[in-house]
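Protein chains: 4
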Amino acid sequence: MDALEKLAEQLTRLPGIGRRQARRIAFFLAAEPDSFVDEIARSISFIKKSVRMCESCRRYHDGRNKLCIICADPEKDTAILLILEKDVDLENVRKTGAYRGRYFVLGGLMPLSGNGNTKIRMRELLSEIEKQSKQGLKEVVIALSANPEGDNTARYVKNTLAPHVERLGLIISSLGRGLSTGTELEYSDEETLKSALSNRK
Amino acid sequence: MDALEKLAEQLTRLPGIGRRQARRIAFFLAAEPDSFVDEIARSISFIKKSVRMCESCRRYHDGRNKLCIICADPEKDTAILLILEKDVDLENVRKTGAYRGRYFVLGGLMPLSGNGNTKIRMRELLSEIEKQSKQGLKEVVIALSANPEGDNTARYVKNTLAPHVERLGLIISSLGRGLSTGTELEYSDEETLKSALSNRK
Amino acid sequence: MDALEKLAEQLTRLPGIGRRQARRIAFFLAAEPDSFVDEIARSISFIKKSVRMCESCRRYHDGRNKLCIICADPEKDTAILLILEKDVDLENVRKTGAYRGRYFVLGGLMPLSGNGNTKIRMRELLSEIEKQSKQGLKEVVIALSANPEGDNTARYVKNTLAPHVERLGLIISSLGRGLSTGTELEYSDEETLKSALSNRK
Amino acid sequence: MDALEKLAEQLTRLPGIGRRQARRIAFFLAAEPDSFVDEIARSISFIKKSVRMCESCRRYHDGRNKLCIICADPEKDTAILLILEKDVDLENVRKTGAYRGRYFVLGGLMPLSGNGNTKIRMRELLSEIEKQSKQGLKEVVIALSANPEGDNTARYVKNTLAPHVERLGLIISSLGRGLSTGTELEYSDEETLKSALSNRK
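Chains as they are written, first to last, in this note's numbering: chain A, 1 to 201; chain B, 1 to 201; chain C, 1 to 201; chain D, 1 to 201.
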């Protein structure tokens, strides 16, 4: 296989890049100046050395510390822990400025038809909850996407946490459902309408 | 203008029909058998005689009675009144089976940049609330779409109702906001995330 | 079934109108003034009396004459006949001003998986060709859409016409293939590229 | 700026990658094993050394030779030269198997509102045509996309080539226009219909 085809093939393994776009990118890189191509190759090659996984929330962060800037913040609200699928979800919640508590990144969702052999960080989550319950933790919030995989994972997490949550005297909750920005009543599904009605305020 | 063009032009005034589709429908009707065309013309021509506006909820309903089947239902929950934009929104909520209270159809939304000269049924709503407050009404729920026009109308309705609601001792609420079916955290706007966080349960 | 549901159901039989839109239109009509609703019902009801099928090209046209304004035009080019699927295709070609010949509307396409029991006007086409061949007709152009149904119908028309075309000494042709407005080479299929290459000029 | 943000920012400079996807890719790479990330960085870093621009057609090709495998092919048809925008267009034409002639990649299109300071390889094209006219070249085919930029560039190339083409006794042509696969007559623009009519065959 020639170098362009090989690079294109590798690029298709990145999220959201199809075969056609991969080939466009490969040809694009072939035509760019050395300086640009070297710079991007270097950034990719150093990314694993530049970032590390935070030992508490498990998101990737920049730098040498065991804890990321959020987990190390003494001002954070230690009473609440938000469980998310992935790093970009965490960034999106953080940007709202509406949440000041702790985070935990599961690292994935349970596939709908799986053998249970999933790679989500369940063991690490349990150990974090155990530890944080001695540091003031009161509530665990499941904050997963409102789609079948998200719902499936939420059920699994809830069931797995249930005995621990009870033993430690914690509350377990989920993000509220209802109309989201842009939702029109005419096109709303039954589930959303029911939630919107019961969560009225 | 010829008959086909004239019909096409009239069809464009129906909701969701553009010029091209209007012409297709006109040509389609020209080629259909007399029986089909007559039947559809008759149904349209009789629709105004077949339906009447319910004197309570203001939706169009079939038949001779002043009240529609929902408003005439003695089993309905008279303590709660849901305010909607249009008939199809009402049908959509009704289908969920999760709501057994009263309805009121505003008949439209406030345009964002308007002269206030709107055609929503505000006077009729006030008079309904006045009347129903003597029949056990406790709560008024604003159930409009989560888009700019819906939000604008909700504000207007809330402000207009405020003194009456207070005088009559009613609660005023809105449909809950949060994640709706299909919402992914990665693509959620700030407003939706904030609501989902504060409405967690 | 109530009148609104019945009207909605009938509207779904019009081209391009789904269930949801049909219900919106029914509710919309119920709320419009009598004058508007009557006017549209009358236009529909009169369409079959206002238009008739042209005895030559088979398109629907306005008025009392056997021939439509195009077929009656003494300036038309009688040497060429364009075979189309439907009236709106004819209007679209006519608008270009680039064609001055005769037309024939088949009235449909052959479904891909059919029993051959199609309603396209094949017999009428043959009789028109027979008649026009005595009035200077030299070429028959198949002008169907470049999709599977169009291609299938074109094959069928071509095969059926073949013996007649030969006997009468006519040329049979099809619309040219190649890049159409907006086509990008990167996203072109093989068939289009081959045609574009062989039709270069 | 932290390493993840920096990498994401660089990735947005690749064709078709927006900010959101760039961040997903950056986080994705941070979480992948070293081996995968190193492999992709190495492929990018070596792409400029692995490929070189063919000295005749100007596409990027694998290897040490001055001429790519197409230009070096002694079986190619030296009488015809196809002028394309970019490498992937060439690949797409080549895949059809319907063309055996020479190629030339312009390397871009003329922007519609530009200062004329374009980077397309016009000087190189003229020199290729000059050289190839002594090796049997008879026809130059402009094969650009059928959109405003493509048409604008085609005009510019044609005008610039005109005196040379005349002096060297060459034919200049363009890809054929007409219905492309999927085109429906009802939705065709005037330009496409006119071409389809005049290119009928």
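Simulated from the structure, these hints should not be mistaken for lab results.
Here the structure is a predicted model, which is why all the values come from computation and not from measurement.
Errors might be hidden in some of the hints.
One copy or two, it doesn't matter: identical chains are merged, so the pair holds either way.
As the list claims (entries may be wrong) - For lysine-lysine, the following PhoX-like pairs were computed, each having C-alpha atoms within a straight-line distance of at most 20 Å:
id	residue 1	residue 2
1	K201	K49
2	K95	K6
3	K138	K158
4	K158	K119
5	K134	K48
Against the structure, the hints:
1. Neither within a single protomer nor between protomers do K201 and K49 lie at most 20 Å apart by alpha-carbon distance, with minima of 48 Å and 40 Å respectively.
2. For a Cα distance limit of 20 Å, the shortest separation of K95 from K6 across copies, 18 Å, qualifies, whereas the shortest one inside one copy, 38 Å, does not.
3. Only within a single protomer do K138 and K158 lie at most 20 Å apart by alpha-carbon distance; the minimum there is 15 Å, versus 36 Å between protomers.
4. Within a single copy, K158 and K119 get their C-alpha atoms as close as 17 Å, which meets the 20 Å cut-off; across copies the closest is 49 Å, which misses it.
5. Within a single copy, K134 and K48 get their C-alpha atoms no closer than 33 Å, and across copies no closer than 56 Å, so neither meets the 20 Å cut-off.
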